[in-house]
Amino acid sequence: MLLQKKLSTFGEYLILMGKTFQRPERMRMFMKQYIKEMNSLGVDSIGIVLLISFFIGAVICIQMKMNVSSPWMPTFTTGYTTREIMLLEFSSSIMCLILAGKVGSNIASELGTMRVTQQIDALEIMGVNSASFLILPKVLGLITIIPCLVVFSYATGIIGAYATTLMGVITASDLTVGLQHSFNPWFAWMGIIKSIAFAFIISSVSSYCGYTVKGGSLNVGRASTDAVVSSSVLILFADIFLTKLLS
Amino acid sequence: MIQVKNLQKRFDDKEVLKGITADFKDGKCNLIIGQSGAGKTVLMSCIIGLFRPTSGEILYDGRDMVKMKLKQWKMLRREVGMLFQGSALFDSMTVLENARFPLDMFSEMSEKERNERAQFCLERVNLGDAGHKYPGEISGGMQKRAAIARAISLNPKYLFCDEPNSGLDPKTSLVIDELIYSITHEFNMTTIINTHDMNSVMGIGENIVFIDKGEKAWQGNSGEIMDSTNERLNSFIFASDLFKKIKAESQLEKMKGSHD
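For the record, the sequence lines run as chains A and B.
Take the first sequence: its position 239, counted from the start at 1, is 239 in the working numbering, and no numbers get skipped.
With positions in the second sequence counted from 1, the corresponding number in the working numbering is that position plus 1000.
Any given hint might turn out to be false.
As the list claims (entries may be wrong) - Calculated cross-link-like contacts (lysine-lysine; reagent style BS3-like; alpha-carbon spacing at most 30 Å): (1) Lys214(A) with Lys1112(B); (2) Lys1133(B) with Lys102(A); (3) Lys32(A) with Lys1112(B); (4) Lys36(A) with Lys1074(B); (5) Lys19(A) with Lys1245(B); (6) Lys1071(B) with Lys19(A); (7) Lys1014(B) with Lys214(A); (8) Lys1069(B) with Lys1005(B); (9) Lys1074(B) with Lys1018(B); (10) Lys214(A) with Lys1018(B); (11) Lys1014(B) with Lys6(A); (12) Lys5(A) with Lys1014(B); (13) Lys19(A) with Lys1069(B); (14) Lys1245(B) with Lys1213(B); (15) Lys19(A) with Lys1074(B); (16) Lys32(A) with Lys1133(B); (17) Lys214(A) with Lys1069(B).
Please keep in mind that the hints were generated in silico from the structure rather than gathered at the bench.
These numbers were taken from a predicted model, which means no experiment stands behind them.
Based on the sequences and whatever the hints tell you, model everything.
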């Protein structure tokens, strides 16, 4: 019974995606929405991305220095591990988990409110493909802007690590040597590719949760929670497969 | 003219509409009335295509909507304007942008022409100076008027209004009724209004379809409603003391007239 329900939900999701990925009726209106969504989902998230990345970069550096230091370990280990953690997991996967909370709940509550206040019905009655008009700009907008957020997160994490040199945790030269040691540019690309897949999961799953709301404001709140939980779980599953696939 | 023939709608094992046949006339205010739960919202939802009927025909000037292909159906929707119970204005757009939205989506007009048309529609509903405001910044009555402006911006042939007076005070309700009535006649639209507001029934009901327990129980106009002998209609219309009194006075006047 539970499996049947899950399969039914997955089927509904696929049907909605089929409706979403259709040619926009008016390219002018689509571009307007697309730019608006890039701004509201991406640009408005820059602040939180920079803040979290800076502090996590600094904390990773301090933890590495305190826990990995040993006379047998090279002095560049702290910088090296900080960089690898930032590139391989934090800036893509963990940052997307955080964005699933911020962006996912935003998308689900916006679409859910539009559903219960009949704004989506109004679009349908006008003859507008509401799924394509509302969801496609969100999905494409987040996919477009997420690589920028990931790159900002890389850079700010490294700046955070450098900030610990002011506290005397590590010397700037040791950190620089570590950050440059055995650098593989593919790891940076891996993070960006993973984040694009996660952006699709966040935007499409949250849109599904919001778009299919039935009832009133209580259900909008539930949809918002479901969006965050479902996106987060799917990001974690996808992370395993993508890491295996791309490594 | 919109015609509904033997329309049935089921939800699982519950039959909500039981073979309704009714005509909605051109250039008139057609009202669907009935108690809550009688099936009038389902009937309107079927007519505008939000629900697919289980069986029956819905003819828009002879074109059967149920049998239409997607492309024809989309074209038909551009001939339809809709006023929702809660206005359903887009929160993220100003009142002017709301009124301009159907033009932005479907017309080939230039930006200047679209702005002019949207402004004309807003002025028609006496909202000429509220175009820059957001829906959250205006009153319920103004939101209804803005929704009417959006509904008529593409000059539709058919206008649907779902409970246009719900949540409004009696004076604002009259303004909305008069506006819908005058717009219907000015633009020669087929207007269908779903209501249980008796002031609307008496004021603008040119063709009234009474739905009871999923069936059409009566059809007529506001002049005929007072003299109707239909028991189901009378128990609905004259449920309030005010209307009982009005009916009694009306009958008294008629009796006096016949004696004179």
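- Message: Tell me the hint numbers this structure goes against, listed in increasing order.
- Response: Per hint list: 1, 5 violated.
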